[in-house]
Amino acid sequence: MLMVAIVVPYQTLGNPTARPRPYQQEFLITAYYSPLPGQCCYVKGGLEADKVLNGQGIRAADQTPVYPGMIAAPSSYAFGTKVSLPGIGTFTVHDRGGAINELGNGKHRLDIWAGYGEEGLARALAFGLQRVKGTVYPAGGQQPETHVVFEDMPAPIDELRMYFVEKDNLLAMRPKEGDRGLSVYLLQDHLQTIGYLKHRPTGFFGPQTTSAFHAFLRDFKVDAPKNMLSETSAAFVLGARSRLHARMPFAEYVDPKASQYSIAEAQRMLRFLGYYKGRTNGKYNDNLFASILKFQQEHGLVGTASDTGAGRIGPITSKAIRGKWNQRIVKQHAGRYLDRYAIDKHTSEHGQRIAEFLGEGYSGKQVRLLQTELAALGFFPEEKINSVFGPLTEQAVMKYQFDRGLITSRFDSGAGYVGPATLRSLRKDQRNILYNQVRAQGWQVL
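If you read the sequence shown in my numbering, its first letter stands for residue 1434, the second for the next number, and so on.
Please note that the accuracy of each hint is not assured.
Stated by the list, open to error - Dumping the calculated BS3-like pairs for lysine-lysine here, alpha-carbon to alpha-carbon at most 30 Å: (1) LYS1757 - LYS1710; (2) LYS1631 - LYS1764; (3) LYS1600 - LYS1778; (4) LYS1690 - LYS1659; (5) LYS1778 - LYS1484.
Said to hold, decoys possible - Label-pair ranges, simulated between beta-carbon atoms: (6) GLN1496 - PHE1705: 31 to 39 Å; (7) GLN1785 - LYS1484: 34 to 42 Å; (8) GLY1736 - GLY1875: 41 to 49 Å.
No lab work stands behind these hints: they were computed from the structure. Glycine is no exception: its CB is placed at the ideal position from the N, C-alpha and C atoms.
All chains, please: the whole structure from these sequences, using the hints.
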């Protein structure tokens, strides 16, 4: 009876030694990320191209939502397998990949999910290719907890600079509070230059950047989200930066004793702002007095016509007028930036914009767009457009690069290849050509 009591439970529970055991394995490890719209940079030149390389970035192959600690492994690794990598963390297999397989040299490929957007891309690029001997814990056996700390994995924004296609196009970027990346760095640089951010750019959208950004939106009366950069707020930031060295239009003091020139300039300014309706004659009269007084009263600078300084422009009124004038001019500049960005969106939505890096051996619609644009610019024979990036297209790209000063020799790095600098230049050319057409003929030209 004692024998039965001992053996039956043992047999019922099963033999523990039958469970799969952990084992050591050598790996070649890379990292991938989830691309997002509005990044400064894409490793393949555009959002859709990066999705092809990295996947959609929402769910893994087993439909698990992406999270820190997820890896892609060869198909011989069952989903749920754990892999501990010294100095990196413990990961769980949820994903696959076309290049993620068992190599002939005894090493196996792994791909670590490194996060979203620019920060994820920077982390993946910084991770590079690493050779690590790790421990595999098969599914069904005893396993450690998944554990990885992204903060321990560097994500330096300098890793992104070589892919910085949108360098001169802040409107294409969408950094938000809490983000880290080159887009944040660029926004901070602009805010610092126009006097709103007091510290040097860090690439982190933290409390100080938020405070500076809010102050800018308030001062320029920008109706846009406060927790992220939108196309509207980006246009105003660029507009404000373009106004930095503008000449102030009139003297600080305008009263009956001022010069005819200063009075005339004040008349022009107040007319531009909607306060003066008389002639620009350089004479200080009742009409100008009333115009200045109206401005002062609307901005809380004086109460009545008998107050000290009423109807005269002194330092305080001058500062207020110039601030209002600057707001109006910045708004005009912002409108032009928004028009250019509308052209970018139109060409992108209608498949008329080159959206990835291209080189010899590529083919398809993107190459056709490249050949068509080069033909329009006079660098490629229109009758040779064939959607194939061969020697003729490479030569045309090289001619374009020479002409735009992107290379000085055919032996330069990137010669004949449409990389970040060339793609940025091509997009700028396309934008400027279409913008001039729109100004001349209206939006229907698109």
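The hints, checked one at a time:
Between LYS1757 and LYS1710 the CA atoms are separated by roughly 18 Å; this keeps the pair inside 30 Å, and the hint holds. For the hint pairing LYS1631 with LYS1764, the CA-to-CA distance comes to about 24 Å; that is within 30 Å, so the pair holds. Annotation: proposed proximity of LYS1600 to LYS1778 holds, straight-line Cα distance about 17 Å (limit 30 Å). In summary, the hint linking LYS1690 to LYS1659 is not supported, as the alpha carbons are separated by about 46 Å, beyond the 30 Å threshold.
Restraint check: the Cα-Cα separation between LYS1778 and LYS1484 comes to about 19 Å, which is no more than 30 Å; the hinted pair holds. For GLN1496 and PHE1705, the hinted distance range of 31 to 39 Å is not satisfied, since their beta carbons lie about 60 Å from each other. For GLN1785 and LYS1484, the hinted distance range of 34 to 42 Å is not satisfied, since their beta carbons lie about 20 Å from each other. Checked against the hint of 41 to 49 Å, the pair GLY1736 and GLY1875 passes, with Cβ atoms roughly 48 Å apart.
The structure does not agree with the numbered hints 4, 6 and 7 stated previously, though it agrees with the rest.
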